[in-house]
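There are 4 protein chains.
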Amino acid sequence: MTTAVNDLLEAHPAPAAEVDRQALAACIEECMACAQACTACGDACLAEHEVETLRRCIRTNADCADLCETAGRVLSRQTGFDVGVAGVALRACAAACSVCAEECERHASMHTHCRLCGERCRSCEAACRRLLDSLADG
Amino acid sequence: MTTAVNDLLEAHPAPAAEVDRQALAACIEECMACAQACTACGDACLAEHEVETLRRCIRTNADCADLCETAGRVLSRQTGFDVGVAGVALRACAAACSVCAEECERHASMHTHCRLCGERCRSCEAACRRLLDSLADG
Amino acid sequence: MTTAVNDLLEAHPAPAAEVDRQALAACIEECMACAQACTACGDACLAEHEVETLRRCIRTNADCADLCETAGRVLSRQTGFDVGVAGVALRACAAACSVCAEECERHASMHTHCRLCGERCRSCEAACRRLLDSLADG
Amino acid sequence: MTTAVNDLLEAHPAPAAEVDRQALAACIEECMACAQACTACGDACLAEHEVETLRRCIRTNADCADLCETAGRVLSRQTGFDVGVAGVALRACAAACSVCAEECERHASMHTHCRLCGERCRSCEAACRRLLDSLADG
Chain A
1 MTTAVNDLLE
11 AHPAPAAEVD
21 RQALAACIEE
31 CMACAQACTA
41 CGDACLAEHE
51 VETLRRCIRT
61 NADCADLCET
71 AGRVLSRQTG
81 FDVGVAGVAL
91 RACAAACSVC
101 AEECERHASM
111 HTHCRLCGER
121 CRSCEAACRR
131 LLDSLADG
Chain B
1 MTTAVNDLLE
11 AHPAPAAEVD
21 RQALAACIEE
31 CMACAQACTA
41 CGDACLAEHE
51 VETLRRCIRT
61 NADCADLCET
71 AGRVLSRQTG
81 FDVGVAGVAL
91 RACAAACSVC
101 AEECERHASM
111 HTHCRLCGER
121 CRSCEAACRR
131 LLDSLADG
Chain C
1 MTTAVNDLLE
11 AHPAPAAEVD
21 RQALAACIEE
31 CMACAQACTA
41 CGDACLAEHE
51 VETLRRCIRT
61 NADCADLCET
71 AGRVLSRQTG
81 FDVGVAGVAL
91 RACAAACSVC
101 AEECERHASM
111 HTHCRLCGER
121 CRSCEAACRR
131 LLDSLADG
Chain D
1 MTTAVNDLLE
11 AHPAPAAEVD
21 RQALAACIEE
31 CMACAQACTA
41 CGDACLAEHE
51 VETLRRCIRT
61 NADCADLCET
71 AGRVLSRQTG
81 FDVGVAGVAL
91 RACAAACSVC
101 AEECERHASM
111 HTHCRLCGER
121 CRSCEAACRR
131 LLDSLADG
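Chains as they are written, first to last, in the working numbering: chain A, 1 to 138; chain B, 1 to 138; chain C, 1 to 138; chain D, 1 to 138.
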């Protein structure tokens, strides 16, 4: 999908000068993929036999899905781009990804969905931090 | 991304029996991609010189982004799957995509973002209708 | 909050002619309150001792929260108002509320949060149907 | 609505010990009301005669609506409460409210919706900061 995300960013009549477009497109895609993975993992946890051991995982998946989705929306907008708002959205997303990854990793050997979701969260966290770094340098 | 979406659906301990998993994964991905395209297109419209001619496009993009995102979330859940709720979410998404595609297509020759977004909406609408058909057959 | 919602609708420079503003404001508020109740009830269910009996309730709460929130957003927009899109968003919301109310009512005698949430869902469903009726008459 | 929000928080079987429930309920309600105000104000701006002067206001309204809504969701969950995640969600929300209030205030004398929305943003920002302070003290 990166191509599609990138093509739309490129078609903007006044792209945000403060951001590296490749890093932006990559981060948007990571946010969307991570939001979906968290929704799916939380739902799969809910159906597991020992659901009572997965309460925290279900909850952190829900938070992470919400914060990733919102970060993906904020970053998809380039008009009147505000580095401060983009920054807090990225920091919130990265923090939720870190907490969710840690929780998913506890269950990764038992549940494939937790392993896949934990990997997604780590990858999204890294993309958020890369974009944050490039904003700070800009 | 379809592989990632599909892998997570497959890792569910009690997958929804009522749905074809390939059609489901494809539809989830279309919903996510369309939501992102609509957010980006609405934002690009907002920065266009003649923004006053794009009011309806900005609005319909916002609705379509919201309804696609919600459909993508509802479909990402397989626990306690309810064909009725999935159906109304899909119908709402398909209707918003149809209205948004029609509006974007009016501006497609002027604005690349409207052309790209219109194509995404048509593609998402088709995926929703295919999944609706498969639910009705099931 | 109805006053606040209504004041903002009234301040719109070109309000949607197709809708009764009082019914609209009431429905927006019901959607927001129901979305919050469903998020809180699903989370409370997750912490209950016999969480394995509340799987379907948690799932239907999640869907209902998403569909209520989206309906509240779509209805909060009056520019380029589209009766068709408003209608499908309302129908999806009403259907999710009906399913969620039915599920919550099964647990209402055991769990206060399910009783409160079930009442919210019934109230939101009714507000959606009233607004749908007024759109059809308009 | 505060009573309804509070009643649901109180019905939780294992409420978050780290937070003051009254401050939490007030903040959740502010987040929801602010999200709605921002969606309505952005939409009203879009219909204004001189929409080209309101581009930044429309954009910042969209970001603020998303971040408020997400903060309201995260705060509505008490199971496996994570002070760190709640904190970043609150900080992101407060920052978006501050930027949006400043922008709305520029147009407050011209547009009632901007005046009302700016007031909502200031009120939500204050509620987020109060809750952040109480989390830091806890």
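No lab work stands behind these hints: they were computed from the structure.
For every residue, glycine included, the Cβ atom is placed at its ideal position computed from N, Cα and C.
Keep in mind that the hints are not guaranteed to be accurate.
To be verified - Coverage of chain A stretches by chain C, computed from C-beta distances (three or more under 8 Å per stretch; other residues unrestricted):
{"no.": "1", "stretch": "39-48"}
{"no.": "2", "stretch": "53-62"}
Stated by the list, open to error - Quick list of simulated restraints, FRET-style, between CB atoms:
{"no.": "3", "chain 1": "D", "residue 1": "ASP7", "chain 2": "A", "residue 2": "ALA14", "range": "35 to 41 Å"}
{"no.": "4", "chain 1": "C", "residue 1": "ALA108", "chain 2": "B", "residue 2": "THR3", "range": "41 to 47 Å"}
{"no.": "5", "chain 1": "A", "residue 1": "VAL83", "chain 2": "B", "residue 2": "ALA108", "range": "41 to 47 Å"}
{"no.": "6", "chain 1": "D", "residue 1": "ALA136", "chain 2": "A", "residue 2": "THR53", "range": "49 to 55 Å"}
Violations among the numbered hints, reported as their numbers in ascending order: 3, 5 and 6
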